[in-house]
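Peer 1: This is what each chain is made of:
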Amino acid sequence: MTKLLSINEFDKISKKITERQDFNKHIISISSGTCGHASGSIKVAEALKQAVKGYEDKISIKLTGCHGYCAAEPNIIIFPQKVFYKNLKPEDAPNIIQSILKGEIIENLVIKENGINYTHIDEIPFYKYQKNILIGDNPLIDPKNIEDYIAIGGYKAFSKALCMRPNEIIEEIKKSGLRGRGGAGFSTGIKWEVASKQKSDTKYIICNADEGDPGAYMDRNLLEGNPQLIIEGMIIGAYAIGANKGWIYVRDEYPLAVKNITINIKQAREMGFLGKNILGSSFDFDIQITRGAGAFVCGEETALIQSIEGKIGDPRQRPPYPAQMGLFGKPTNINNVETWANIPKIIDKGADWYANIGTKTSKGTKIFSLVGKVKNTGLVEVPMGITIKDIVYNIGGGSPTDRKIKAIQTGGPSGGCIPEDLFNLPIDYESLKQAGSIMGSGGMIVLDEDTCMVDFARYFTNFLQNESCGKCSSCREGIQRMFEILTDITEGKANDTSIELLEELGSVIKDTSLCALGQTAPNSVLTSIRYFRNEYIAHIKDKKCFAGVCRALIRYKIDKEICTGCGVCKINCPEGAIVGELKQPHLILQDKCIKCGICHDNCNFNAINLDV
Amino acid sequence: MTIDETFIDKTIEKNNRSLISILQDIQESYNYLPEESLIKVAEKMQIPLIDVYSVVTFYHSFCLIPKGEYIITVCLGTACYIRGGKKIVDLLTKELEIIPGETTKDNKFTLETVNCLGCCAIGPIVKINNEYHGEMTPNKTKKLIKSLKREKND
Numbered sequence: 001m002t003k004l005l006s007i008n009e010f011d012k013i014s015k016k017i018t019e020r021q022d023f024n025k026h027i028i029s030i031s032s033g034t035c036g037h038a039s040g041s042i043k044v045a046e047a048l049k050q051a052v053k054g055y056e057d058k059i060s061i062k063l064t065g066c067h068g069y070c071a072a073e074p075n076i077i078i079f080p081q082k083v084f085y086k087n088l089k090p091e092d093a094p095n096i097i098q099s100i101l102k103g104e105i106i107e108n109l110v111i112k113e114n115g116i117n118y119t120h121i122d123e124i125p126f127y128k129y130q131k132n133i134l135i136g137d138n139p140l141i142d143p144k145n146i147e148d149y150i151a152i153g154g155y156k157a158f159s160k161a162l163c164m165r166p167n168e169i170i171e172e173i174k175k176s177g178l179r180g181r182g183g184a185g186f187s188t189g190i191k192w193e194v195a196s197k198q199k200s201d202t203k204y205i206i207c208n209a210d211e212g213d214p215g216a217y218m219d220r221n222l223l224e225g226n227p228q229l230i231i232e233g234m235i236i237g238a239y240a241i242g243a244n245k246g247w248i249y250v251r252d253e254y255p256l257a258v259k260n261i262t263i264n265i266k267q268a269r270e271m272g273f274l275g276k277n278i279l280g281s282s283f284d285f286d287i288q289i290t291r292g293a294g295a296f297v298c299g300e301e302t303a304l305i306q307s308i309e310g311k312i313g314d315p316r317q318r319p320p321y322p323a324q325m326g327l328f329g330k331p332t333n334i335n336n337v338e339t340w341a342n343i344p345k346i347i348d349k350g351a352d353w354y355a356n357i358g359t360k361t362s363k364g365t366k367i368f369s370l371v372g373k374v375k376n377t378g379l380v381e382v383p384m385g386i387t388i389k390d391i392v393y394n395i396g397g398g399s400p401t402d403r404k405i406k407a408i409q410t411g412g413p414s415g416g417c418i419p420e421d422l423f424n425l426p427i428d429y430e431s432l433k434q435a436g437s438i439m440g441s442g443g444m445i446v447l448d449e450d451t452c453m454v455d456f457a458r459y460f461t462n463f464l465q466n467e468s469c470g471k472c473s474s475c476r477e478g479i480q481r482m483f484e485i486l487t488d489i490t491e492g493k494a495n496d497t498s499i500e501l502l503e504e505l506g507s508v509i510k511d512t513s514l515c516a517l518g519q520t521a522p523n524s525v526l527t528s529i530r531y532f533r534n535e536y537i538a539h540i541k542d543k544k545c546f547a548g549v550c551r552a553l554i555r556y557k558i559d560k561e562i563c564t565g566c567g568v569c570k571i572n573c574p575e576g577a578i579v580g581e582l583k584q585p586h587l588i589l590q591d592k593c594i595k596c597g598i599c600h601d602n603c604n605f606n607a608i609n610l611d612v
Numbered sequence: 613m614t615i616d617e618t619f620i621d622k623t624i625e626k627n628n629r630s631l632i633s634i635l636q637d638i639q640e641s642y643n644y645l646p647e648e649s650l651i652k653v654a655e656k657m658q659i660p661l662i663d664v665y666s667v668v669t670f671y672h673s674f675c676l677i678p679k680g681e682y683i684i685t686v687c688l689g690t691a692c693y694i695r696g697g698k699k700i701v702d703l704l705t706k707e708l709e710i711i712p713g714e715t716t717k718d719n720k721f722t723l724e725t726v727n728c729l730g731c732c733a734i735g736p737i738v739k740i741n742n743e744y745h746g747e748m749t750p751n752k753t754k755k756l757i758k759s760l761k762r763e764k765n766d
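For the record, the sequence lines run as chains A and B.
Residue 442 in this note's numbering is what sits at position 442 of the first sequence, and the numbering runs on without skipping anything.
Residue 748 in this note's numbering is what sits at position 136 of the second sequence, and the numbering runs on without skipping anything.
Rather than coming from a laboratory, the hints here were simulated on the basis of the structure.
Note that the structure is a prediction, hence the values are computed from the model and not measured.
You may find that some hints are simply not true.
[Stated by the list, open to error] With beta-carbon atoms standing in for the labels, derived distance ranges:
id, chain 1, residue 1, chain 2, residue 2, range
1, A, 113, B, 713, 40 to 46 Å
2, B, 706, A, 276, 58 to 64 Å
3, B, 762, A, 543, 40 to 46 Å
4, A, 317, B, 714, 46 to 52 Å
We treat Cβ as the ideally placed atom computed from N, Cα and C, and that holds for glycine.
Between the sequences and the hints, there should be enough to build the whole structure, so can you do that?
Peer 2: Right, dumping it as structure tokens:
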């Protein structure tokens, strides 16, 4: 790779790379993020590479980041026709290659919904209602090759920014209406402005890639699939703010993201986008990676800074804000991965274009991880203002079983649940807050009748009591007490005052905690009480868990009429709690049963059922 | 245990004296953090041992006891949890006779849970060393463990 010494040289190389592309050639783009790997994409890729031998002049194969449609993994998109094939196996490979050569479609590999076959990506319901500004480039990019990024217009925004004054860039970001995608939703432009106005010869920027919300993985997707987009965003930000050094603080649980971002920083350095006198200007900037070590609280900006400094992630009082006094005591601007990813797009296409997408107060798109009890799980990027209903039913395809969807949960442990009767709510920062939840980083967990809301609130409370750093007693002790009360409820040991006690504790923890972890910790409990109080009452008064989750309140029963006495349940029961002679109806010994449900899962005759 | 001092020196230098990264590299090399390595790091970086120890015990990914040959990590992120991740932990606790955070007596299996691996769409996820297994059930996990145990005996 040659180091580029001027904008002129960049323009030339960008043109050369773009022109070099052979648009007559078919490209098989294999979704190969971490979820792809877990589903077998590597084996499919190997088989395709074998099958393509001899036809390399007509078809090329590209291993890319995730295409978003995780329920269809391993999947491929065939360009230029944009044919989408789902849930592939290595043995499909020869047929795929032959069908491309013959110009045919393999009908049993395309998406089918409600009896209709969808061949092309633009018509598939999962993609049709999305607006893919950020993740849409993934299928076109080999994330180990910077040239692929340049081929689709990468670094044009930076070369444009380099011809602008720093304050002009900040004005443009302010005008776009971009708000932080990490959770709080603060104006990115204003944040930059504060940092840029600090009088200091050393300033830093940080990319917060400590995606700690369980159930959210859009940052992983961007870091794995299009790392140069983040790097370009950071370079533009550093130039605008006047920073010369940047950090990417990334979760250690994302090894592929760490690998890809490391490769891409090296390539950006080799091409002269990072380093001294970038593209011949007087601007110096470089990026270093710090891996997180598994602490949820480090997603909070002051804790994250402590962690980069090699200390425990202990949040501190603000002000002073990191923009005034941050990493190593210097002015520091921190933005989330998705926020940084928006920057090159805004500079390239203009603030007006961006501000046209979304609602009055929330601009642009937002990526959600649509997971849980929904058919089309995956990452969806939608314009702000779209309704929850559109996401869950039109994109997500509704429930995968006959169980009814009853709520979604957004915002991770800091967020809350939103019941089905509010699914007409438009997605934006304000309306989610009004409903008692938050946008958060974009986790959207779909819950159905098999999810117990009390157990679910208990899950988050358990998570947070483990993750509280312990600095504030209200957070440290309060969350623990909430967890104990919730445990009592799920075990049928609670009394009439439990709900009121939870509400009172929740409001005290919210009011008296220093950082956002404590301030938002009671949200999941409080919203579940607000919308699903009847479930709490059923647990407390009737000792019933209708979802069949809380073990103390349920029991498994064998239907004597259906049981054939095959003995499969008896063999698989880890407790020896099932008795019965062969070919005679079996019986569960309730005092021995631990309610693990293994017998239910193994019964071939649906003879074992929950008695709630 | 004797610790390779040049390795510690190199690790400190390579990571620009960044404590967390240094400890991560040491753990990668030894598969846990031996007590002696922490003493050496504190000495060489001229920081109190208590500060090193507090960092090690604050962050979940650090481990002060050796891990087993197979590190089984069950994801208990929200999506994995509601799809039955907890049932898998219960099964493994039963099968391996250890609780999360422990290692079997023969040093073959370590059971761990993690807050989220970011593969939420295909949960529950079970990771064995660096290999991810999606859409797991207690049944599938049982088979997987059986095959690993068999491998162990061969």
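Peer 1: Hint by hint, note whether the structure agrees.
Peer 2: These are the hints, each one checked on the structure:
Separated by about 43 Å at the C-beta atoms, residue 113/A and residue 713/B satisfy the suggested range of 40 to 46 Å. A hinted range of 58 to 64 Å for the beta carbons of residue 706/B and residue 276/A is consistent with their spacing of about 59 Å. At about 44 Å, the beta-carbon gap between residue 762/B and residue 543/A stays in the expected band of 40 to 46 Å. Here the CB-CB span from residue 317/A to residue 714/B is close to 38 Å, at odds with the stated 46 to 52 Å.
Violated hint for the displayed structure: number 4, the only one.
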